[in-house]
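Next come the chains, spelled out residue by residue.
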Amino acid sequence: MTTAQLIANDPGWLITVKGLLVFIVCVLLTLMSVWGERRIVARMQERPGPNRVGPFGLIQALADGVKLALKEDLIPAAADKIVFVIAPIIAATACFMSFAVIPVTGPVTLFGHKTVMQLTDIPVGVLYVLAIASVGVYGIVLAGWSSGSTYPLLGGLRSSAQVISYEVAMGLSLVAVFIYSGSMSTSDIVGAQNKWWNVVVLFPSFVIYVISMVGETNRAPFDLAEAEGELVGGFHTEYSSLKFALFFLAEYVNIIAVSALATTLFLGGYHALPGLGFTEAWLGGWFTIVWFFLKVNFFFFIFMWLRGSLPRLRYDQFMKFGWKVLIPASLLWIMIVASLRVIQQNGASRTVALAFALGIVIIVMAISSVFEKSKKEARKPLPEGEAPNFPLPQLPGVSSFNASTKAHTSGGTNE
Amino acid sequence: MHQQRLTLQEAPMSNSLEPKKSGAAKDINDVSYVEVEQPGPASLGKQSLGFWVTFKTMFKKNLSVQYPDVKAPTEERFHGRHQLNRHPDGLEKCIGCELCAWAFPADAIYVEGGNNTPGNQVSPGERHGAVYQINYLRCIFCGLCVEACPTRALTMTNEYELADDSREKLIFEKEDLLAPLRAGMVMPPHPMYPDMDENNYYRGEVKSADPSQGPIFDGTTAGEAK
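In the order they appear, the protein sequences are chains S and D. Counted from 1, the first sequence has number 339 at position 339 by my numbering; the numbering is strictly sequential. Positions in the second sequence are counted from 1; adding 1000 to them yields my numbering.
Calculated directly from the structure, the hints in this document are not laboratory data. Check before you lean on any hint, since a few could be wrong.
Unchecked claim - Derived Cβ-Cβ restraints for the label pairs, each shown as a range:
hint, chain 1, residue 1, chain 2, residue 2, range
1, S, L354, D, G1050, 35 to 45 Å
2, D, Y1067, S, V27, 27 to 37 Å
3, S, I82, D, N1062, 40 to 50 Å
4, S, K324, D, G1050, 20 to 30 Å
5, S, G54, D, S1064, 10 to 20 Å
6, S, I302, D, S1043, 39 to 49 Å
7, S, V83, D, G1050, 35 to 45 Å
8, S, G359, D, S1043, 22 to 32 Å
9, S, G148, D, S1064, 33 to 43 Å
10, D, Y1067, S, A77, 34 to 44 Å
11, D, N1062, S, V135, 39 to 49 Å
12, D, R1182, S, L74, 32 to 42 Å
13, S, V135, D, G1050, 28 to 38 Å
None of these values were measured; they are calculated from a predicted model. No residue lacks a Cβ here, since even glycine has one placed at the ideal position from N, Cα and C.
Chain S with its partners taken away, still in its complex shape (with noise of 0.2 Å):
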C-alpha cells in the first residue's frame, strides 16, 4: 500500500489524534526551540544563556509564555479592531497547517491500526505548503495596516515583500525537485529519496531553498522587517500580550514548518543516514521520528548559527539578492535539470548526459571568468587628473563641488 491509500483508511478519530498530535508537537517544539536558540546564541557569545528556571533553565520560555499571556492586552485607539484582532490568528493558524502534508515517520502501528505520522497526503502537497505560507503573509501585512501606526506599516510592507520575493525562489528551488522525483506529493518524494538523497543530487536547488527559508521565515541576517534599530518591532510593534504571543509562536513553527519541509525534500525526510537503514525498523518503525527530527534540528541550529554569526543584510541588498541572483541561478538550475532529464529519458546513454552537463558548466565557467575580467576592469583606479564620478557634500570653503570639476589639477579652472 502506498502511504496515501494509508492514509486514507485512517478512522475519524486517528484524524483527529493526529491532528491534536501535531499542533502539540509544534507548540512543544516552540517552547523548546525558544530555549535552544537561547542558549546555543548565547554560546556563540561566551554566556550561558537562560538558566535558572528549571534543570538547564528549560522551563524559561513557558515562563515567559505565561508571563506574556499574563499581561494587559492593548489595543490602540487608532488601530482597526476587527483586522487587529483577526491578523495573528491568521498567521498562528497558517503555520500550524503547513505541519499537515510532513511525512513524520514511515508505517506504523498507532492504536492497533497501520498507518504513517502523517495528517494527510494530497498529491499537490508541497504546493499546498507554499499556499499556506502565502496565507501567512496576510497575518502579517494585515497586523502592519489595521495597528494604525507608522513602524508597524513599514515593517509589515517590508515583511510581505520580503516573503513573496523569497517564495519565488523557494518555489523554483522546489522544480528541480519535482522534475527529479516525478511528484509534488511529499511522500512520493520522500519514498524517491531511498538511494539518494536530493541534497546530492540536486545540490543547488538545496542551496536555493536553504538561503531563501531563511528570508521566507523573516529570520537574522534577513530580520530587516523587525529590525529594532529602525522599525522598533517591525509589524508587531503595537501587539502586546496573548496576540503578540501568538506572533511569537507563529514565527518558531514556520521555522519549524520551513526544516520540515527541507528534511522532507532534501534530507531524505524520515530515513535513516546512509549506512543506518537497518534503524528503520526499530520499534515497529517508530524509530524513524528520531531520524526526522534530528534533520530538523539540523536546520534549526543553521537558522542559530546563522543569527549568531551574520549581521543584518540592507533591505536594497537583500532585495537585489532575491531578485537578481537566486532567482535567475534558479531558473538557470532547473533548465539544466530539466534537459538532463529528459535526455535522459529518450534514452541517451550516460556519456552522453555526462558530455552534457560538462558543457554546461564549462560554458557557465568561462561566462563567469569573462563576467570577473569586466568586473575588474570596472575597478581600476581612476586615471590621474579625472574625478570621481559622483557628487560630493559640499566643503568648507568651496562655493560649487560636483563631479565635473577638475579639481585637484594645480592649474584648474574656477567655476
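Let chain S serve as the given structure and place chain D on it in line with the hints.
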C-alpha cells in the same frame, strides 16, 4: 584594489563658520588630496571563516559569573560601603571634625559633633561624632572622605550589595556604619586607657583594653555595635 580620491581641505576650521565670500571658489586650487586605498570585499571563502569563529566559540569556557549563587571577590582596594573604625580598646576613632563632609563634593555625609564628658567618653579626646550619616544615593565612592579623615576613622569596605527599595533605607546611620565590636574591646562609652591621653591613642600606643575600663567583650555574641 579600488582606489578612490577623497578630498580634504586644509583650510582652517574657523573659516568654515564665517559667511562665504564671493571669491571663496579660488580656494579650490589649495585643496590637497589624500589617496585612500580601499580594499574590496574579502573573498567568499575568507568571509565564511566567520562561521568557524562562532562555532568554535560554542566550545569555549564561558566567563559569566553566576552572581547571586557565586560571589566573586572584589579587588582588595575596591571602594565599597564605608566603615567607622574603633581603637583597639573599643573607643570610636571618629572625633566629629566634619572634614569628611567637607571633602565630599555632593553633600552625601552629614556629621554632628558632640562633647565627650567624663560620664560619656565615646572617643579619645574632647569630641566625638554624635550623628553620622552617609547618603548612599549621593555617594559616588570616590574615597575623598577617607583621604580627608585625620584619625583614620573612616575607611571603605569591599561590600557592594547596597541596593534597596526606598530612599530612607539608603541613608546609613552611625549604627550601620560602625565597625563591629571585637573580642578584647570594651563597649563605649568608657574612660580612656589608664595613664594615656588622646595623643597616645593617635600614635597607636593603646594596644588593648584594660579591665579598669569596663567589662571586656569576649566575642561570643555576634559583634554588635551598640
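TODO: Would you pick out the hints that fail for this structure and give their numbers low to high?
DONE: 6, 12
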